[in-house]
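Undergrad: Going down the list, the protein sequences come from chains W and R. According to the working numbering, the residues represented by the first sequence are 18 to 433, in order. According to the working numbering, the residues represented by the second sequence are 76 to 198, in order.
Read the hints as simulated data drawn from the structure, not as lab findings. From a predicted model like this one, the values you see are computed outputs, not experimental measurements. Just so you know, not all the hints are guaranteed correct.
[Stated by the list, open to error] If you want the ones that stay clear, here's a sample from chain R, every Cβ over 12 Å from chain W, calculated:
#1 102
#2 124
#3 135
#4 141
#5 142
#6 148
#7 161
#8 187
[Stated by the list, open to error] Pair by pair, the computed Cβ-Cβ distance ranges are:
#9 R:109 with W:141: 31 to 39 Å
#10 W:272 with R:132: 24 to 32 Å
#11 W:272 with R:115: 45 to 53 Å
#12 R:155 with W:44: 36 to 44 Å
#13 R:95 with W:167: 51 to 59 Å
#14 W:47 with R:169: 51 to 59 Å
#15 W:140 with R:138: 55 to 63 Å
From the three backbone atoms N, C-alpha and C, an ideal C-beta is built for every residue, glycine too.
Residues per chain, in single letters:
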Amino acid sequence: MNDVAWLDAALIGARPQAVAALLRYFRDLDTAEEAFQEACLRALRHWPVNGPPRDPAAWLILVGRNAAVDAVRRRTKHEPLPPDELLSDLEDSEAALVERLDSDDYRDDILRLLFVCCHPDLPPTQQIALALRIVSGLTVPQIARAFLVSEAALEQRITRAKARVAKAGVPFEAPGAPERAKRVAAVAATIYLLFNEGYSATGETGELRSQLCAEAIRLARLLLRLFPTEPEIMGLTALLLVQHARAAARLDAAGEIVLLEDQDRSRWNRAMIDEGLALLDKALRHAQPGPYQVQAAIAALHARAARSEDTDWTQIELLYAALEALQPSPVVTLNRAVATWKLRGAAAALELIEPLAPRLSAYFHFHGVRGALLAQLERHEEAREAFNRAIALANGPAEAAHIRARLDQLGRGSGS
Amino acid sequence: MLYAILCYHREDVVCGWSAEDDDAVMRRLAAVQEEIARTGRLGPVARLMPTTAATTLRKDRDPPLVVDGPFAETKEQLLGFYIVACASLDEALDTARKLAAANPGGAYELRPVALYRPSGLPA
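Hey, can you work out the whole structure from these sequences and the hints?
TA: Structure below.
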């Protein structure tokens with residue numbers, strides 16, 4: 018890994034913990050974010066020269082805190098703190114801070130931060146957008162993609178959420194047990210979206226962003242320890258584990274996407290799948306189905322199939338129908354259509370997805386699936402058109418390359 | 076005599092390891108295990124999933140009560156165990172020290188085994 022990639026990985030990885038700790042210190046989202054950004058700038062200057070610190074998060078918290086305090090003092094014309102280059106006891110301070118980070122006090126800073134972002138005064142869309150921006154440090158375009166909304170709309174959503182948090186005087190303490198239970202659904206949704214953002218990333222950035230998936234799993238386990246009897250949190254954790262278990266098989270040596278049915282299943286992470294299956298078993302015992310449990314059950318059916326042809330598509334179609342009933346969404350219908358395709362052919366699947374066109378016209382996977390269905394039905398011109406629209410909407414080079422390969426096959430198949 | 080070496084650590088710390096950190100710890104532990112195995116003293120070795128995957132059957136009532144989570148909420152959790160043949164407590168402590176050097180943090184509880192019934196259960 019080159020210097021820049023290493024630095025990026027370290028900064029992305031340390032961000033949730035660092036911002037959470039800075040927020041606890043400053044009790045203001047903008048100040049905490051600015052302090053973190055300043056610390057990152059200093060890290061970019063220092064780390065390549067002095068080598069990486071033992072604990073990047075602790076370094077960023079300490080330097081960010083000093084920088085922000087310094088800025089406040091400068092504004093109030095007090096003596097500035099010495100620049101961090103001159104801090105001779107940085108090593109000692111870092112060690113002391115690491116000690117405190119390890120203490121119970123700091124253990125669930127990130128979770129506390131998520132709960133703050135998921136304050137009931139904020140509408141759910143703002144809660145999630147804010148949490149993704151603040152906790153994971155995703156850029157506005159990345160979050161907009163996760164929400165299927167424009168960047169301008171998303172930017173406005175985050176600005177409003179910040180203003181509202183400031184105005185409401187949101188307490189920066191972890192809420193008590195009854196309040197936590199109310200917010201847990203929003204926190205779960207945030208963790209889920211955080212995971213998805215890491216999951217859909219591909220290529221070199223994908224390697225770095227798989228940290229987002231690991232972070233989401235860590236947070237889900239933490240949440241489950243706070244709510245050990247909540248079947249949906251078991252379902253969420255199971256879902257993330259089983260999905261992430263396939264990470265190594267999802268891209269080939271050239272960085273091209275490998276479809277689920279073509280993946281080398283020996284490269285799936287068995288330990289993660291087993292943990293996911295164990296959690297799903299625990300959840301099912303409660304007999305309180307929910308969207309995360311259903312999705313985890315679908316992922317589990319794929320994970321349990323030793324070969325792609327062993328996949329239980331009948332069960333998968335039923336589960337997608339159950340998911341549609343629990344949580345209607347055109348994306349879920351699109352997924353059900355894939356199961357329908359396996360069971361009853363491309364024509365039946367195409368019939369199911371055609372009505373989704375107005376709502377999914379800007380969705381890469383819609384055009385990808387539609388193109389594949391049309392290609393199988395030998396409607397080559399329409400398939401080509403669908404694939405071209407998919408390429409235009411691709412998130413990154415790997416997705417585009419995958420569709421281009423389908424287009425090439427189309428050319429060969431039709432003999433044109 | 077057989078000793079169980081019960082491994083306790085904070086699972087939020089262990090679950091926070093990156094894949095690389097985790098692999099590095101497991102490689103170092105494997106080297107120590109190999110060393111013990113060469114002396115013919117190493118029995119079964121197990122690493123347990125996080126306590127979030129645990130279910131507890133409370134059998135102090137009838138019918139027993141099934142509850143989610145580990146038996147006890149503790150600061151450090153039981154995350155795995157070794158069965159090792161040791162001539163004395165000193166030898167058991169010596170073995171535990173070698174494992175500890177490969178994986179610092181947390182604690183090992185050394186507990187003599189009263190009954191041991193190895194099975195042919197495949198790994």
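Undergrad: Does each hint fit the structure? Answer for all of them.
TA: Do the hints match the structure? See the list:
| no. | hint | result |
| --- | --- | --- |
| 1 | 102 | 16 Å, holds |
| 2 | 124 | 5 Å, violated |
| 3 | 135 | 19 Å, holds |
| 4 | 141 | 7 Å, violated |
| 5 | 142 | 8 Å, violated |
| 6 | 148 | 9 Å, violated |
| 7 | 161 | 29 Å, holds |
| 8 | 187 | 30 Å, holds |
| 9 | R:109 with W:141: 31 to 39 Å | 53 Å, violated |
| 10 | W:272 with R:132: 24 to 32 Å | 48 Å, violated |
| 11 | W:272 with R:115: 45 to 53 Å | 47 Å, holds |
| 12 | R:155 with W:44: 36 to 44 Å | 40 Å, holds |
| 13 | R:95 with W:167: 51 to 59 Å | 38 Å, violated |
| 14 | W:47 with R:169: 51 to 59 Å | 56 Å, holds |
| 15 | W:140 with R:138: 55 to 63 Å | 45 Å, violated |
Checked against the numbered hints given earlier, this structure breaks hints 2, 4, 5, 6, 9, 10, 13 and 15; the rest are met.
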